[in-house]
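Asker: Protein chains in written order, with our numbering: chain A, 7 to 296; chain B, 3 to 338.
What the hints contain is simulated information worked out from the structure, not anything from laboratory work.
Heads up, a few of these hints could be off.
List of simulated lysine to aspartate or glutamate pairs, EDC-like, C-alpha gap at most 20 Å [said to hold, decoys possible]:
{"#": "1", "chain 1": "A", "residue 1": "Lys142", "chain 2": "A", "residue 2": "Asp33"}
{"#": "2", "chain 1": "A", "residue 1": "Lys220", "chain 2": "A", "residue 2": "Glu281"}
{"#": "3", "chain 1": "A", "residue 1": "Lys102", "chain 2": "B", "residue 2": "Asp57"}
{"#": "4", "chain 1": "A", "residue 1": "Lys102", "chain 2": "B", "residue 2": "Asp48"}
{"#": "5", "chain 1": "A", "residue 1": "Lys252", "chain 2": "A", "residue 2": "Glu268"}
{"#": "6", "chain 1": "A", "residue 1": "Lys206", "chain 2": "A", "residue 2": "Glu281"}
{"#": "7", "chain 1": "A", "residue 1": "Lys142", "chain 2": "A", "residue 2": "Asp104"}
{"#": "8", "chain 1": "A", "residue 1": "Lys124", "chain 2": "B", "residue 2": "Glu178"}
{"#": "9", "chain 1": "A", "residue 1": "Lys220", "chain 2": "B", "residue 2": "Asp221"}
{"#": "10", "chain 1": "A", "residue 1": "Lys63", "chain 2": "A", "residue 2": "Asp151"}
{"#": "11", "chain 1": "A", "residue 1": "Lys67", "chain 2": "A", "residue 2": "Asp153"}
{"#": "12", "chain 1": "A", "residue 1": "Lys142", "chain 2": "A", "residue 2": "Asp153"}
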Amino acid sequence: MKRFGSVSLVFLALFLSLPVGAVEITDDLGVTSSFANPPQRIISLLPSLTETVCVLKQCQKLVGVDRYSNWPASIKSLPIVGGGLDPNIEAIAILKPDVVLVGKSSRTTDRLRSLGIKVLTFDVRDYRSAQLAMTKIALLLGLPDKDTELLWQNIIAQVSSIAASLPKSSQGIRVYFEVSNTPFGAGESSFIGETLSRLKVINIIPASLGPFPKLNPEFIVRENPNLIMLGYTANENLSARPGWNKIQAVSQQRICTFTAEEADVLSRPSPRIPEAAQIMANCLIAKSPK
Amino acid sequence: MVQQHFQHSQIQRLTYVVIILTLVLFLLGMSVGSTGFTMIWPPSSDSSVLQIMWDIRLPRTLAAWLAGALLGLAGAIAQGLFRNPLADPYLLGSASGATLGVALSLVMLSTTLFTENWLQRLGITSIAFIGALAGVVITVILARGFQHTFRLLLAGVIVGVILAAISSFFAIMHPEILPVMQAFMLGTTSFAGWSACLLMSVVLIACCLVAWSLSKALDALTLGELTAISLGLRLNFARGILIVVLALATGAAVSQVGLIAFVGLAAPHLVRSLIKVVHRTLLIYSTLIGGILLLGADILARALIAPQELPVGLLTAILGGSYLLWLMHAGQNRAK
Numbered sequence: 007m008k009r010f011g012s013v014s015l016v017f018l019a020l021f022l023s024l025p026v027g028a029v030e031i032t033d034d035l036g037v038t039s040s041f042a043n044p045p046q047r048i049i050s051l052l053p054s055l056t057e058t059v060c061v062l063k064q065c066q067k068l069v070g071v072d073r074y075s076n077w078p079a080s081i082k083s084l085p086i087v088g089g090g091l092d093p094n095i096e097a098i099a100i101l102k103p104d105v106v107l108v109g110k111s112s113r114t115t116d117r118l119r120s121l122g123i124k125v126l127t128f129d130v131r132d133y134r135s136a137q138l139a140m141t142k143i144a145l146l147l148g149l150p151d152k153d154t155e156l157l158w159q160n161i162i163a164q165v166s167s168i169a170a171s172l173p174k175s176s177q178g179i180r181v182y183f184e185v186s187n188t189p190f191g192a193g194e195s196s197f198i199g200e201t202l203s204r205l206k207v208i209n210i211i212p213a214s215l216g217p218f219p220k221l222n223p224e225f226i227v228r229e230n231p232n233l234i235m236l237g238y239t240a241n242e243n244l245s246a247r248p249g250w251n252k253i254q255a256v257s258q259q260r261i262c263t264f265t266a267e268e269a270d271v272l273s274r275p276s277p278r279i280p281e282a283a284q285i286m287a288n289c290l291i292a293k294s295p296k
Numbered sequence: 003m004v005q006q007h008f009q010h011s012q013i014q015r016l017t018y019v020v021i022i023l024t025l026v027l028f029l030l031g032m033s034v035g036s037t038g039f040t041m042i043w044p045p046s047s048d049s050s051v052l053q054i055m056w057d058i059r060l061p062r063t064l065a066a067w068l069a070g071a072l073l074g075l076a077g078a079i080a081q082g083l084f085r086n087p088l089a090d091p092y093l094l095g096s097a098s099g100a101t102l103g104v105a106l107s108l109v110m111l112s113t114t115l116f117t118e119n120w121l122q123r124l125g126i127t128s129i130a131f132i133g134a135l136a137g138v139v140i141t142v143i144l145a146r147g148f149q150h151t152f153r154l155l156l157a158g159v160i161v162g163v164i165l166a167a168i169s170s171f172f173a174i175m176h177p178e179i180l181p182v183m184q185a186f187m188l189g190t191t192s193f194a195g196w197s198a199c200l201l202m203s204v205v206l207i208a209c210c211l212v213a214w215s216l217s218k219a220l221d222a223l224t225l226g227e228l229t230a231i232s233l234g235l236r237l238n239f240a241r242g243i244l245i246v247v248l249a250l251a252t253g254a255a256v257s258q259v260g261l262i263a264f265v266g267l268a269a270p271h272l273v274r275s276l277i278k279v280v281h282r283t284l285l286i287y288s289t290l291i292g293g294i295l296l297l298g299a300d301i302l303a304r305a306l307i308a309p310q311e312l313p314v315g316l317l318t319a320i321l322g323g324s325y326l327l328w329l330m331h332a333g334q335n336r337a338k
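Same shape as in the complex, but just chain A (with noise of 0.2 Å):
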């Protein structure tokens, strides 16, 4: 009884000196670190993670950015400190920061915990990805989980509410979504396609294809979209494109684009999901068939 007693105390011993709010967060390359407070001074080298900690309103949190982080508009006074997979070490190691949120660049990982600086790495392809980063940096940051659940509902409420918004003409209109003008397309799979699919939208590019498939042209002539979206900032005429002129969405000059702040909002697996679906949702209203 007495060796039973000594044993809790030592367990009593052991949880009173961890430190209250410690958290562990496993980050998706596996790696678990422990934070004993919530870091003060956070640098995001990825523009998706940069609006993840803000949309948590934790902006003021952020002591550096990387070059391509332009939303909110709060962080263009931060020190910039390269890009993603061209970091400054150096310029992160004068901030010293309490944790570097990257994307997947191991080698930016591998040199900032060598130099003993705390990294997460994430790696968001899809909404489930982005719910999971939001919800690991809200736990990092010592948000409560309840707060963190119904923020990501309201996300995805709003999502709904701007898909009951559309005209029923715009259901069921075939989307073709164009990352880049290789041209690789976005498919079911992508963050983009999952936008598209609440928009009740078919996408061309099934998921079968992966997220972003290099396409042969020939491939989108003759599945021969009703709407096509280019998710880049190109003044290009696509009836120029050899037999592009056959497509629907061609002949009836129901393309999309974007500025290049809509583009950034397009591309970014954040979860600012609401404006991307509102984007969508504009040049759908539009340009769908009447």
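Given chain A's structure and the hints, the job is docking chain B onto it.
Answerer: Same frame as chain A, but now just chain B:
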């Protein structure tokens, strides 16, 4: 006799210049960083400044010099081996092999969410190193040995094209790896830490010693293969070892700092334009000047758009390319 004395003093002068330049560049390398120019003396007591000096700036400065030295040495060996002033260290398929290694490891990293343990432990740099060596091995096999310079060159070109095509294939199938591959191919020293320095210095010392002891074979080769054989040299043995040295030196540099253009090509040219020497001296000075070239370019890359930085490979390509162009026209004018 007079000429020999003249040459001797020329070499001496070059030695002083090289030593002083190297020292100045190392001091500059310690001083130039994201915050612009910081004096390294008096030493700061701030722990983060100390960390930046000793764990970031010093290893990357040293790594830039070491990688440049390795490429300079490899370039001098390649130009001697192939008796071709256009030969560069990447000739035997090591560059495309390393790129393929990077592409493959990235594909594996991106298709498995929780990375396989061995892959994570090896890291991209080791796989790039293995890829570089594999590229050379395939070239030698396809050339059916290393006896024929021409066949070796041709096989190197073919392997380069094919491996590059395979890398492109992976990039097309997995477009998400494209930016990372591009970053690798532009070359950067910003990820180099002490472990990279240790690896490169061990390889550099070993390669220098071996290449130096075989420099007579390179001299003999300049007279033509038949003459070299008639001089009683074990040409094939020397050639085989030198190819191994070339592959190791290039692989070590490429895997740590990516594809750095032109340093390996320009360093031996620069030495030859300054002094007329036998290979033993050429190898040493190409090594030293290769180090100076890359370190100088790296400091520029850090300073030009600070606090961000340029990939150093971009700068070496522009600077090295312009220098070779100038050398080419200067040589033509002299010939006229």
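Asker: Against each hint, give a clear statement of whether it holds in the structure.
Answerer: Hints, one by one, checked against the model:
Restraint check for Lys142 (chain A) and Asp33 (chain A): the C-alpha separation of about 8 Å stays at or below 20 Å, so the hint holds. Annotation: proposed proximity of Lys220 (chain A) to Glu281 (chain A) is violated, straight-line Cα distance about 26 Å (limit 20 Å). For the hint pairing Lys102 (chain A) with Asp57 (chain B), the CA-to-CA distance comes to about 14 Å; that is within 20 Å, so the pair holds. A distance of roughly 12 Å separates the Cα atoms of Lys102 (chain A) and Asp48 (chain B); the hinted pair therefore holds under the 20 Å criterion.
Straight-line distance between C-alpha atoms of Lys252 (chain A) and Glu268 (chain A) comes to about 28 Å, which puts the hinted pair past the 20 Å bound. Using a Cα cut-off of 20 Å, the hinted pair Lys206 (chain A) and Glu281 (chain A) holds, with the two alpha carbons roughly 17 Å apart. In summary, the hint linking Lys142 (chain A) to Asp104 (chain A) is supported, as the alpha carbons are separated by about 16 Å, within the 20 Å threshold. A distance of roughly 25 Å separates the Cα atoms of Lys124 (chain A) and Glu178 (chain B); the hinted pair therefore is violated under the 20 Å criterion.
Between Lys220 (chain A) and Asp221 (chain B) the alpha-carbon distance is near 52 Å, which puts this suggested pair outside the 20 Å criterion. Between Lys63 (chain A) and Asp151 (chain A) the alpha-carbon distance is near 14 Å, which keeps this suggested pair within the 20 Å criterion. Between the alpha carbons of Lys67 (chain A) and Asp153 (chain A) the distance comes to roughly 18 Å, so the proposed pair stays at or under 20 Å and holds. Taking the CA atoms of Lys142 (chain A) and Asp153 (chain A), the gap is about 13 Å. The hint holds against a cut of 20 Å.
Taken one by one, the earlier hints fail for this structure at numbers 2, 5, 8 and 9, listed in ascending order.
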